[in-house]
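Engineer: In order, the protein sequences belong to chains A, B, C and D. Position one of the first sequence corresponds to residue 1 (the working numbering), numbered consecutively onward. Position one of the second sequence corresponds to residue 300 (the working numbering), numbered consecutively onward. Position one of the third sequence corresponds to residue 599 (the working numbering), numbered consecutively onward. Position one of the fourth sequence corresponds to residue 898 (the working numbering), numbered consecutively onward.
Quick caveat, the hints were computed from the structure, so don't treat them as lab data. Any given hint could be a false lead.
[What the hints assert, rightly or not] Taking lysine-lysine pairs in the DSS-like style, the calculated list, with each CA pair at most 30 Å apart, reads:
| # | chain 1 | residue 1 | chain 2 | residue 2 |
| --- | --- | --- | --- | --- |
| 1 | A | K294 | D | K1191 |
| 2 | C | K892 | B | K301 |
| 3 | C | K600 | B | K593 |
[Stated by the list, open to error] Here are the computed distance ranges between Cβ atoms for each label pair:
| # | chain 1 | residue 1 | chain 2 | residue 2 | range |
| --- | --- | --- | --- | --- | --- |
| 4 | D | A978 | A | G44 | 26 to 34 Å |
| 5 | D | R1155 | C | K600 | 41 to 49 Å |
| 6 | C | E687 | B | G343 | 28 to 36 Å |
| 7 | C | R824 | D | S1089 | 23 to 31 Å |
| 8 | A | V88 | C | A723 | 49 to 57 Å |
| 9 | C | Q693 | D | H1118 | 30 to 38 Å |
| 10 | D | L983 | A | V88 | 29 to 37 Å |
| 11 | A | T97 | D | H1118 | 16 to 24 Å |
Ideal Cβ positions, reconstructed from N, Cα and C, are used throughout, including at glycine.
There are 4 protein chains.
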Amino acid sequence: MKDSAVLLIDCPDRKGLVARVSSLLYRHGANILHADQHQDHELGLFFMRVEFALNGSATGTADSPSETPHAAPFDIEAFRAEFDHLAVELSMRWQLTATTRRPRVALFCSQYLHCMADLLYRRRAGELACEIPIIVSNHRDVERLADFYAIPFHYIPVTAATRAAAEARHLDLLEHHGIELVVLARYMQILSPAFVARYPAGIVNVHHSFLPAFTGARPYHAAHARGVKLIGATSHYVTEILDDGPIIEQDVARISHRDQVEDLVARGRDLERIVLSRAVRWHLDRRILCYGNKTVVFD
Amino acid sequence: MKDSAVLLIDCPDRKGLVARVSSLLYRHGANILHADQHQDHELGLFFMRVEFALNGSATGTADSPSETPHAAPFDIEAFRAEFDHLAVELSMRWQLTATTRRPRVALFCSQYLHCMADLLYRRRAGELACEIPIIVSNHRDVERLADFYAIPFHYIPVTAATRAAAEARHLDLLEHHGIELVVLARYMQILSPAFVARYPAGIVNVHHSFLPAFTGARPYHAAHARGVKLIGATSHYVTEILDDGPIIEQDVARISHRDQVEDLVARGRDLERIVLSRAVRWHLDRRILCYGNKTVVFD
Amino acid sequence: MKDSAVLLIDCPDRKGLVARVSSLLYRHGANILHADQHQDHELGLFFMRVEFALNGSATGTADSPSETPHAAPFDIEAFRAEFDHLAVELSMRWQLTATTRRPRVALFCSQYLHCMADLLYRRRAGELACEIPIIVSNHRDVERLADFYAIPFHYIPVTAATRAAAEARHLDLLEHHGIELVVLARYMQILSPAFVARYPAGIVNVHHSFLPAFTGARPYHAAHARGVKLIGATSHYVTEILDDGPIIEQDVARISHRDQVEDLVARGRDLERIVLSRAVRWHLDRRILCYGNKTVVFD
Amino acid sequence: MKDSAVLLIDCPDRKGLVARVSSLLYRHGANILHADQHQDHELGLFFMRVEFALNGSATGTADSPSETPHAAPFDIEAFRAEFDHLAVELSMRWQLTATTRRPRVALFCSQYLHCMADLLYRRRAGELACEIPIIVSNHRDVERLADFYAIPFHYIPVTAATRAAAEARHLDLLEHHGIELVVLARYMQILSPAFVARYPAGIVNVHHSFLPAFTGARPYHAAHARGVKLIGATSHYVTEILDDGPIIEQDVARISHRDQVEDLVARGRDLERIVLSRAVRWHLDRRILCYGNKTVVFD
Chain A
1 MKDSAVLLID CPDRKGLVAR VSSLLYRHGA NILHADQHQD HELGLFFMRV
51 EFALNGSATG TADSPSETPH AAPFDIEAFR AEFDHLAVEL SMRWQLTATT
101 RRPRVALFCS QYLHCMADLL YRRRAGELAC EIPIIVSNHR DVERLADFYA
151 IPFHYIPVTA ATRAAAEARH LDLLEHHGIE LVVLARYMQI LSPAFVARYP
201 AGIVNVHHSF LPAFTGARPY HAAHARGVKL IGATSHYVTE ILDDGPIIEQ
251 DVARISHRDQ VEDLVARGRD LERIVLSRAV RWHLDRRILC YGNKTVVFD
Chain B
300 MKDSAVLLID CPDRKGLVAR VSSLLYRHGA NILHADQHQD HELGLFFMRV
350 EFALNGSATG TADSPSETPH AAPFDIEAFR AEFDHLAVEL SMRWQLTATT
400 RRPRVALFCS QYLHCMADLL YRRRAGELAC EIPIIVSNHR DVERLADFYA
450 IPFHYIPVTA ATRAAAEARH LDLLEHHGIE LVVLARYMQI LSPAFVARYP
500 AGIVNVHHSF LPAFTGARPY HAAHARGVKL IGATSHYVTE ILDDGPIIEQ
550 DVARISHRDQ VEDLVARGRD LERIVLSRAV RWHLDRRILC YGNKTVVFD
Chain C
599 MKDSAVLLID CPDRKGLVAR VSSLLYRHGA NILHADQHQD HELGLFFMRV
649 EFALNGSATG TADSPSETPH AAPFDIEAFR AEFDHLAVEL SMRWQLTATT
699 RRPRVALFCS QYLHCMADLL YRRRAGELAC EIPIIVSNHR DVERLADFYA
749 IPFHYIPVTA ATRAAAEARH LDLLEHHGIE LVVLARYMQI LSPAFVARYP
799 AGIVNVHHSF LPAFTGARPY HAAHARGVKL IGATSHYVTE ILDDGPIIEQ
849 DVARISHRDQ VEDLVARGRD LERIVLSRAV RWHLDRRILC YGNKTVVFD
Chain D
898 MKDSAVLLID CPDRKGLVAR VSSLLYRHGA NILHADQHQD HELGLFFMRV
948 EFALNGSATG TADSPSETPH AAPFDIEAFR AEFDHLAVEL SMRWQLTATT
998 RRPRVALFCS QYLHCMADLL YRRRAGELAC EIPIIVSNHR DVERLADFYA
1048 IPFHYIPVTA ATRAAAEARH LDLLEHHGIE LVVLARYMQI LSPAFVARYP
1098 AGIVNVHHSF LPAFTGARPY HAAHARGVKL IGATSHYVTE ILDDGPIIEQ
1148 DVARISHRDQ VEDLVARGRD LERIVLSRAV RWHLDRRILC YGNKTVVFD
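For reference, chain A alone in the conformation it holds in the complex (with noise of 0.2 Å):
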């Protein structure tokens, strides 16, 4: 695990910000191993990413001993207090955090476990730098999965009598666990605005088709009718809007004539597996800024 610390932010776009955010950074000793920008013109908006090293002599740095300002670790608290003082002048949001802490993740899923099996396997495989205190399902078929992976399994089933003391429970439990981030893993019900309002931009779903295209339930059955040539799939994060919010990543696999409705399915399988996976990878790491209905996913 690095010992470094991811440094995100948006404003308004202004000159200097650069020139302001990495002087700053320069002061404090920090030893820069990353950093990307964006601007939107548009709409007047300044993005930017920065990755560095809290330990003063950290892998990979090219300084001599002599030209380090600060051989010491970097003091992530003292830069905070100061950062702070910049962030309310130029009206950044902004977060600030070690590499080394884990976000707590919490995964939904019902009948189709491909997706939740993919997640767990990468977790395992030291791919995604999280926790999972908590599985959620409507159905029981993830139970041995979770088992497997020694992660407490709660069973909610869901009808439209129960849906909102369901939703509670839901609540209740995030709350309980301290979870950052809910991955919906193939989890086929509808959450609710209120719901949805409790974590913005804080809730990850795949949707099984190239969105804006085929919204909705059964879009391989829909891809299929239309005789569309390339199946896709859609991470993005849930807003009050069904398959509407801010798209994190997309990808498409070729299909012909000769594939029926369930050679897609099985085709979009390992689209989603691919989409879903890299979004909640990406969010984890600190790459994703939403805007608008829009994502800047920093690579």
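Given the coordinates of chain A, assemble chains B, C and D onto it according to the supplied hints.
Structural biologist: Only chains B, C and D this time, still in chain A's reference frame:
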């Protein structure tokens, strides 16, 4: 140029279709170069494409003379006559075409010339086996390009007031030149239902989005506004309903938050060229069968 | 599970092959679900795959009863007997297999488990129609995963000194369990020519490069050193020559100057999973024919 | 045309580089439009590209006048003088170029004209910001195309006996026309080491394979013989060693057992056009930095 013929069939599915068609070809001494079939099990339809040599000693056959029932050139008219009986019995729609016969194609465009330039170059390079007796445009931009390729250019401006008259001139031209295929290479005028009805599965268009997403005008603007991560282009047969005809080919390219509308337009040009030129080539090679609102594209 | 059979043929090319095979099937009342052919004109070879229903009333046929020569179930043994005469006459190599017969597959791996986990998940999900009686590894890492899927695990460590003995144990196990296909899911030991000779076109490997680039060890390091802009993975049948057997499937992913070797390794895992699982599925579905050092993969 | 400038830097990595460069730009009143950095941690190298407006009131800035340190146009020469001191201190290699300055490019080709036609079309369409004073070929095929675009054509045949003399003429022409970039658009002659040495990172070639696979002549034949499932094309800077220079861009297309060598050649043409035109555009936009045998391509 290969001395071969292509037989395209579609009919209600039933047992023995492959056997009966291939046996008839065999009795006439056809040397099959490539054959492909498709069944749509839901609709109970059968589709077949067979390409066979017209010359008894076609390149690449493994036949020794003693085993060949017919060493003489294939008698296409005799076969046609006998096949017609079979077709009636089995309710087949069919076409049999010598590969050497080059369909007559009209190219339409407006101001954007990238697809037009690409199609003309590909024909010159031998990728498109067709005649192009006319180029039609409601703008003069294409004139020099038409001259370079020595193809007669017809400038037919279109306004709300002249639309009907312009279309009458179009249809006269198409009839006069014996046009079998109309290619809309970014032709930005909508054709009337009457025009479309004259060329069923005979008008190919390119739409600059991944249909069915972003139908209608300014799809790149719509894609940018939605924040998609891939843009697409679609070639399709034109039907009465705008951007709704049977899809022939689609392709996509990855974009990012950095790309502005003009970047999408530039990236999209490459997609449009590729999906349109593939559609035209496959049509000319008699690889496409339409049914319902879909296509079978034999590879 | 479809109640169907697949007939795979390769033989010297000659006129009338499609007619004779399809007529024989028709006389036996086969209802062809899908047929595909290929000719290699340079080598004068013919390849064919036919899938047909074994049940007279197979789903999706359009036959009316009165037109069906045989309403009874297809008599596969009677067909096999008659086809054998044709095969001898036409010098065919052929195999005819009921789709319900599930091949017996052994999975080998070393420490990296991503391909193994993927194959096991896909089989559970119904994507791979096979039995997996044994998992073999020279490491213990896979043991828990094997337990989860309730597949007997055989730990057979390999050193220079024990290589021959280990391979003898491998061969005993494969024979004892009637294994027809060996899948090397990132198994990092080289098999002896004697082992390979026992399973012609019966051992599938995944190599973590776009072959023929970067054969041998540490291909991601080599790709990084060369500065390529795409990385790849390749699944292929194993022959005596390392990384040289007939290629079944390849895929690539885009990388950039930002990607370090460990990023390539992580990106590559997804490629490896996909190309290996496709190869195994196509093999199990009898879609692959080898000839020379190439494959025909019927889609 | 944007009124902007691009600053490209590479130097040994050390702390504070971003801060020092961006602060200097800020003091001179630059309005940064886009900035990107890269560190190679293994080699201890730092790379940076900054694009900034030369006009105080550049489109899309969010600055209110009162906050702008310099409302006057950016004084590029004053900046250049001061930056030079910084560059010496920090051992930087750098170039600063106004976007309006259009590099002078020579295009070379042989008989195959698809890349040449594509580059000429793209420049006409505004995708390539350069002057093209000369087209050079050892064949006459390109002459009509050069005429169409009104670019002087130089026919310089090359034989074993005349190679040295031909190259002397090439170099004279390049010098006479002040050529900064030579594009080998399927030019099938090998350049001498002396020629290559005159244009370090100044000659772009397209090779019709996925390098490092299939170097040398007839790569499509080699790919067909090996039975690969994807073909590729590569654009790269030319170095003394054939097909070995720093790779700029690569792309691939899927093929199947049906594709013969001529199909690969046809499919490959599209790949070659795309990877070469991207390389040329990125070079012209000053997006590429070479180091060792690799490229950084800023997006």
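Engineer: Could you run down the list of hints and mark each one as holding or not?
Structural biologist: Now the hints, each set against the structure:
Distance check on the hinted pair: K294 (chain A) and K1191 (chain D) sit about 34 Å apart at the alpha-carbon level, beyond 30 Å; violated. Of the supplied pair hints, the one linking K892 (chain C) and K301 (chain B) holds, its CA atoms being roughly 26 Å apart against a limit of 30 Å. Distance restraint check for K600 (chain C) and K593 (chain B): the Cα-Cα separation of roughly 26 Å lies within the 30 Å cut-off, and the hinted pair is therefore satisfied. One distance hint, 26 to 34 Å for the beta-carbon pair A978 (chain D) and G44 (chain A), holds here, with the actual separation near 32 Å.
Distance hint check: the CB atoms of R1155 (chain D) and K600 (chain C) are about 26 Å apart, inconsistent with the given range 41 to 49 Å. Distance hint check for E687 (chain C) and G343 (chain B): the Cβ-Cβ separation is about 35 Å, which falls inside the suggested range of 28 to 36 Å. The given range of 23 to 31 Å is respected by R824 (chain C) and S1089 (chain D), whose C-beta atoms sit roughly 24 Å from each other. Hint check: V88 (chain A) to A723 (chain C), Cβ distance near 53 Å, so the stated range 49 to 57 Å holds.
Hint check: Q693 (chain C) to H1118 (chain D), Cβ distance near 32 Å, so the stated range 30 to 38 Å holds. Evaluation of the 29 to 37 Å hint for L983 (chain D) and V88 (chain A) yields a pass: the beta carbon distance comes to about 31 Å. Checked against the hint of 16 to 24 Å, the pair T97 (chain A) and H1118 (chain D) fails, with Cβ atoms roughly 54 Å apart.
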